[in-house]
Every structure is written in C-alpha cells, then in structure tokens.
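Student: The hints should help you fit chain B onto chain A, whose structure is shown.
Now for the letters of each chain:
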Amino acid sequence: MINTYEIMETIRMLEEEKLDIRTVTMGISLSDCADSDGEKAREKIYNKITEYAGELVKTAEEIELKYDIPIINKRISVTPIAQVAAASNDPDYIEFARTLDKAAKEVGVDFIGGFSALVHKGMTAADKKLIASIPEALAQTERVCSSVNIGTTRAGLNMDAVAKMGKIVKKSAELTADNGGVAASKLVVFANAPEDNPFMAGAFHGAGEGECMINVGISGPGTVKAALEKVEGESFDLVAETIKKTAFKITRMGQLVAKEASEKLGATSGIVDLSLAPTPAVGDSVARILEEIGVEVAGAHGTTAALALLNDAVKKGGVMASSHVGGLSGAFIPVSEDSGMIEAVEKGALSLEKLEAMTAVCSVGLDMIALPGRTEPETISAIIADEAAIGMVNNKTTAVRVIPVPGKDVGDEVVYGGLFGKAPIMKVSDYSSSDFIARGGRIPAPLQSLKN
Amino acid sequence: MKAIITVIGVDQMGIIAEVSTLLAKNKVNILDINQTILDEYFTMTMLVDLEKLEISLEKLKEKLNEKGEELGVSVKLQHEDIFRSMHRI
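First to last, the sequence lines map onto chains A and B.
Using the working numbering, the letters of the first sequence map in sequence onto residues 1 to 452.
Using the working numbering, the letters of the second sequence map in sequence onto residues 1001 to 1089.
Calculated directly from the structure, the hints in this document are not laboratory data.
Keep in mind that the hints are not guaranteed to be accurate.
Which residues of chain A face chain B? A partial, calculated answer using Cβ under 10 Å [claimed, not checked]:
id, residue
1, Y67
2, M253
3, M320
From the three backbone atoms N, C-alpha and C, an ideal C-beta is built for every residue, glycine too.
Isolated chain A, as found in the complex:
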C-alpha cells in the first residue's frame, strides 16, 4: 500500500505547490491535405483537425477527474503550413490561418501552433508567402501561433531570413498596437527548433513525427522551490539531488497522463516535455527557484550557474521517469510570465544581456520580453542573430519571442493578462546593427556540425 506520507506529498504538490500538467498537445500531420486548389486544401485541413481532435478536450477533462490533476491547456500543433500550402497557388496564406483558427475554436483548444516555416538553409516561394502573411494572420486570428526556424547547427544561420523576421516581428506588433502588440507574442523565431515541442507559441508538428501524436508538457516550478526550501544552506550536491528527485516525480505524472491520453484518443504517445514553465501566479516562478538557490534577486551574479544546475537536474530526474523525453525540456525563463522575473527587471537586477547569457544554459531563449516600440527592425534581427548563434554553436534550441510595444518605452509596462502576464519594457542597446543585418547571405555551419 502506498504510505500516507507519499499520498500527502502528492496532494500537497497538486494543491499547494501548483503542480499541474501545463499542456496536452495533439500533433496532427496535415501533409495529406495539400491541394492545388487552396479552398480544397483548407477544407481538408479543417475536417482533419476537427476529426482527430474532436475528443481532445473531453478526454483531458476525464483524465483530470480521474487523477485530480489539473490539465491547464489543451492544444494542437500541425505540420508547418508553408509545407502544406505550397501546392496551392494562393497569393498569401492568411486564409489558412483563419481555417486553423476556426478549427481550433470548433474543438475548443486554446491555441493551435504550426503557422510555420523552416528556412534554415533557404526560403522557398511558399516559405516567403507564409512569412509575409504572418503579421496579418496573427492580427486577424485569436488562437493561431506561428514560428520560423532560421538556423540550425548543421545548416548555419540564414541571415536573409533573420533580416526578414526583424521586420515581421515589428509589423505584427504594429498591427496590434491597440492591444500592446500582442500578435508578436504569438510568434517565435527559432534556431534548432524541435519537431515535437508541445508548448506555444513555438509548437509545430515536424515532418518526422507521424500521423497523430500526443505530447505532454508538465510543469511545476512551485514544487521544485518547495523542495529546495527544505535544503536551505546545504551544498550544491544536495540541491541538485533534490531537484532531480522532484523532477522525477513530476515527470512520472506527465508520463501517466501522456499514456492515458494517447490510449483514449487512439493516437501515438509522443514525448513528455519536462519544462519548468512558470506562470504569473504567485508560487509558480522559476526566478524564485534561482533566488532559493541563493542569488538575492534573479539576475545577480551566480544566476547563470544556478540556472545551469537547475536545467540539468530537471533533465536528469525526468529522463529516468519517462520512456520518451523531448520537446524543449529544461527550465523556461519567459519574463512576462514569471512574477519573480518581472520583479527582477523592475528592480533593475535583470537585463537583456543577463537574459542572453542565461539562454546559453537553459531550454528556451529570450521569451516574452517587451521592448520599446521604437526599436529598429534591424536591432530585432540582430537580437535574433545573437540568440541563434548561441543555439547554433552549443547544439541547442534557442528562440526569440520579443514584443516591440508600440507607443511604450523603458519605464513603461504592458499588461496582457492571463497566462501572458505583464511585462516591463526592457532596454536594448543604443547602438545600431543596421550594417550588420544589411549584409545578408548565410553564416556557415560551425565545425561542431561535422559529426560524421
């Protein structure tokens, strides 16, 4: 019999420490929906999504009931639309975005990711159309998320695409100026994008993924912090061990849900993504874990090392707990979604430069960061290039999701509400990157890519 102590621990993790399944994401291949007639393609897309994902929300709710585990979000990811729409001769793909939005609303999921293009070596005509459509697509829809992969360790960085994306991010924000530039919060620019990431806004269903997969994202920064409170003052060895054990338990819960959801839905169980993903709610912060590890405020010296320890221990604990670990897996540092991060920025303890260093040792990148509305597109492109270079050289995923908020500057803040939280505007360099971005072409793949 499971002993009382273990039962109470589980219940405490769920009730007090904000342990939850952050998302159950159904990945659906749309490659068989391609059609030279755009309208037929969209009809096939709509029908396939509503057929496969029709029971997703209901199934998640049944699982919630059975285990008393909150499943916060139910989502869908699809084949990058640039690939699916390529056969159609539409001048732009905004209608495809509308179709995705409609399907998402029909089945009741909160986001659908995959309005995407993979352009790390070059852009096809379809890729260019998709990218050009992004600002309007995101401004006109509610639930669609978009991503563009501009570099990989093996391919190097596509600097033409990087130059484009700075402009696209800016335009997306401008089109939604009356709502804090929110469209830019639904757009991620990646290097080494994973094919099976269940989190938004970067989720898409990669080419190698199969017909229909269930990927589960678990979270629980609160449980890790609570566990660390018990080892105050102890050595780093014990800190790492404590995080590992907690990560094991959290991931086991994700594994349980992943298995059950895929069985019930007749889909394949893909991966469990063990990412400590914060929310703006109190007690759900990654920054607070770093502060528990011992830095006075997130961003103080020692933060990068603390995050490296945290990220690694989370992965080690989780790997034992699950048959297939994937997606992003690690610790997230989205500024506007973490109450501790927001406070650290407001205090002046956390800068963009420090965040960039932190992205070298954790699982995402510069995420949910609000920038001054007057930031030049070339500056945004250069920020993307910097992040992509970190990912490319270190064989890891990095990404940029920044929002240049129209009409706001350093000292202001923008409020999105809900899971997106609020964000203080962060300072970018006063100096220009235009000549750098104007060059174009490709930054060649680094030596690390020659592994054969």
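Tutor: Just chain B now, with coordinates in the frame of chain A:
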C-alpha cells in the same frame, strides 16, 4: 479500478463512520485504511475498489465532496496510479 480516498480536516467524531457508510451505500469496497493525526489534522487514506460502483466516477466524487463539506473536511478521490507512478521506480 482501485483508487485512493484522502480525508483531511480538523478532527471530530464520526468522520470514519460517515465516509464508510457513504462508500458502502455506493458499493465501494474498502481494502485498506490508514488513519493518523498529523499536526492536529485528521488524515485518513483509504484504498478502495470501485469495481462494483454503479454511479459514475464524477457522481461519486460529487457525493464525497458534499459529505466533506457537511463534515468540514476535504475528501479527495484519485485513481491509485498517480501515486504509484510518482513514488515507485
């Protein structure tokens, strides 16, 4: 299907009796009980068998919730697998 029922609250007379009667009425068999007072909180965990349950799981949880409110305690019901998966290799 086996589940774990957890009752937590300030100690008072009749908690065990009331919960057990509700379970018996709904054909839920109690396989194991552990009861202790942890920091003045009454804590009871029961391993139960839902094989012969005739109403839906949702309905049973609702009834347990109502009973809990009546008694001033929290009553949770969860499939045992969540505990097994988290605390056993």
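Student: Mind checking the CB of A:Y67 against every CB in chain B and telling me if the closest is under 10 Å?
Tutor: Since chain B brings a Cβ to about 4 Å from A:Y67, closer than 10 Å, the hint holds.
Student: Less than 10 Å between beta-carbons is the criterion; does A:M253 satisfy it with respect to chain B?
Tutor: holds (6 Å)
Student: Against chain B, run the beta carbon of A:M320 and see if the smallest gap drops under 10 Å.
Tutor: For A:M320, the interface hint holds, since the closest Cβ of chain B sits about 8 Å away, which is under 10 Å.
Checked against the numbered hints given earlier, the structure satisfies every one of them.
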